[in-house]
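Engineer: Sequences listed follow chains A and B, in order.
Here our numbering is used: the first residue of the first sequence is 1, the next is one more, and so on.
Here our numbering is used: the first residue of the second sequence is 1, the next is one more, and so on.
Calculated directly from the structure, the hints in this document are not laboratory data.
There may be inaccurate statements among the hints.
To be verified - Listing some non-contacts, in silico: residues in chain A with all C-beta distances to chain B over 10 Å:
| # | residue |
| --- | --- |
| 1 | Ile49 |
| 2 | Ile124 |
| 3 | Ala209 |
| 4 | Lys301 |
Claimed, not checked - Here are the in silico distance ranges between beta carbons for each label pair:
| # | chain 1 | residue 1 | chain 2 | residue 2 | range |
| --- | --- | --- | --- | --- | --- |
| 5 | B | Pro77 | A | Glu50 | 22 to 30 Å |
| 6 | B | Ser158 | A | Asp269 | 50 to 58 Å |
| 7 | B | Gly238 | A | Leu270 | 23 to 31 Å |
| 8 | B | Arg9 | A | Thr149 | 33 to 41 Å |
Remember, it's a predicted structure, so these values are computed and weren't measured experimentally.
Glycine included, C-beta positions come from ideal geometry on N, C-alpha and C.
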Amino acid sequence: MRNVKDRLRAWDFKEILAVWVFRICACGSIAAIALICLFLFLGGGPAIIEIGLTNFLFGRSWAPLNIPAEFGVLPMIAGSVYITVGAVIIGVPIGIFTAVFLAFMCPKKLHKLLKPIINLLAGIPSVVYGFFGMRAIVPVIRNISLALTDGGSGASILSASVLLGIMILPTIIAISESSIRAISKEYYEGALALGASHVRSVFFVVVPAAKSGILASVVLGIGRAVGETMAVVMVAGNQAMIPIFPEGIFRGGRSLTANIVLEMAYATDLHRDALIATAIVLFCFIFLINIIFTFLVRKDKN
Amino acid sequence: MKLTKFIDRALLVLTWLFAGLTIAVLAYIIFHIVINGVPHLRLSLFEIRHTSANVSMLPSIVSTLFMVILTLIFAVPLGIFTSIFLVEYMKKGSRFVNVVRSAAELLSGIPSIVYGLFGLLFFVEFLGLGLSLLSGSLTLSIMILPLVIRTTEEALKSVPDGYREGSFALGAGKLRTIFVIILPSAIPGIFAGVILAVGRIIGESAALIFTAGTFAQIPDNILQSVRTLAVHMWVLSGEGHHINEAYATAVALLAVIFLINALSTLAAKKIFSIA
């Protein structure tokens, strides 16, 4: 129907012009991706070549002001991984159980109240989270750290993990809840009919059926955590050292994102290019996470 | 039998506990900010000029407003036109649609600091726009583009095909149908998306530090460096002796986000009442 109309109107100049305007606009996001890749790789690529890929990725020391300077991002990769894993350990169980609660256990009226609250949690700016973490989480962690180990300022991997665990909650809750709700009611009713209790039907039939959607929410949460910048900078301590488990979680660590924010303002020459190269590493992580996410969502739809 | 019952009980308790924890954490964050911030919301924080003695947030509020308007001017038409092309002109599942959609998805996953770095390399240095309102808003408009595209697409898809067919049957052209019939019926959905985008612009800091800078006065033109409210708060929290003012700024930010959320919920409700 629409096609026939297209052909009938093909002579109309205004229509043709509009199609081209729309088409060019539609290419905008492709162009944006291309430009971002181009400028990141042009800016950071030469630095990676100059430093050497293995020296860059697996170098254990980041000392840009030393002579000779050292540019190893392994401490930052480790920092990002530690912080993210911590955030997942804290945020994922809480998020999934809350999603189950919202989908199955909570009265309709309460749901109406809770949903906007969780949306609000998603809307709070990361600086506000970071500031809250600095003022409320770091002191608590400092006390725990003083009690368990022989020091620590509180600005640590653990503080960042707790804060990011909170920050990824809305993502995990929203996507998990909708994928749990998308499971057809018959699963739940069938389980009930077979004599399973309400709780059992939910946790052993419905939740497993929604597992790829739930997993997708976790992957998206990981993406958030890896990419978060300001909140992490404000609570993580930012020492560019590879954390040593277990007492290392009470010590400071630096994420890939923090590395860029902290040093970009004064970096010059190779140092600056090495920071752009840090962004390339970050971009690759995000790209990988995005691929896994797309794969999971597709699986969920099938 | 006993074990099963125990597991049931334990899972139920865990569910209530964790859901309660989520709410408690959010309540505590808001309580903490409000209790510490509201007493410091002095009138002097809303003076026209920012000085090192009086870190007024009014210039930052005005700058944030400019940033929001300018960013929307760039991103909203681009996003809406993209969605129109994807929904109204392309067949479902065509290759081009998939490519654009993947690009938008990838864009929405990119961390804001990477946007900031890109903005610095491209807008600030390559195009020579400098640390400015313009560079910042161009950077942010790429950042919110996927959000605008996704919500507009949903809104356009929710317009019943009968509207289009009716319009064609009356002899209207495609362009006229889109602008007179389809877009007006999709407006609440588009509006909800735009409000979410405004929320992201207001809350953004990492992408702005290296593109718009931190100059804390009301700008005269779009090529001047500006400091939005979120960036202002970041700067204050870094200087140890402005903690109270940082709390006050946090209250202002929270209030705006609260308002925006309420607005978007309202807009979303309107969509359902139409459909």
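Engineer: Evaluate each hint against the coordinates.
Structural biologist: Right, here's what the structure says about each hint:
1. Non-interface status of A:Ile49 relative to chain B is upheld: no Cβ of that chain comes within 10 Å, the nearest being about 18 Å off.
2. For A:Ile124, the shortest C-beta to C-beta distance to chain B comes to about 6 Å, within the 10 Å cut-off, and the non-interface label is violated.
3. For A:Ala209, the condition that its CB be more than 10 Å from all CB atoms of chain B holds, with the nearest at approximately 16 Å.
4. A cut-off of 10 Å between C-beta atoms confirms that A:Lys301 is not in contact with chain B; the least separation is 12 Å.
5. The supplied range of 22 to 30 Å is broken by B:Pro77 and A:Glu50, whose beta-carbon atoms lie about 42 Å from each other.
6. Our hint of 50 to 58 Å for B:Ser158 and A:Asp269 holds, since their Cβ atoms are close to 53 Å apart.
7. One distance hint, 23 to 31 Å for the beta-carbon pair B:Gly238 and A:Leu270, holds here, with the actual separation near 27 Å.
8. Range check, B:Arg9 to A:Thr149: Cβ separation about 37 Å, and the 33 to 41 Å hint holds.
Going through the hint list in order, the structure does not satisfy hints 2, 5.
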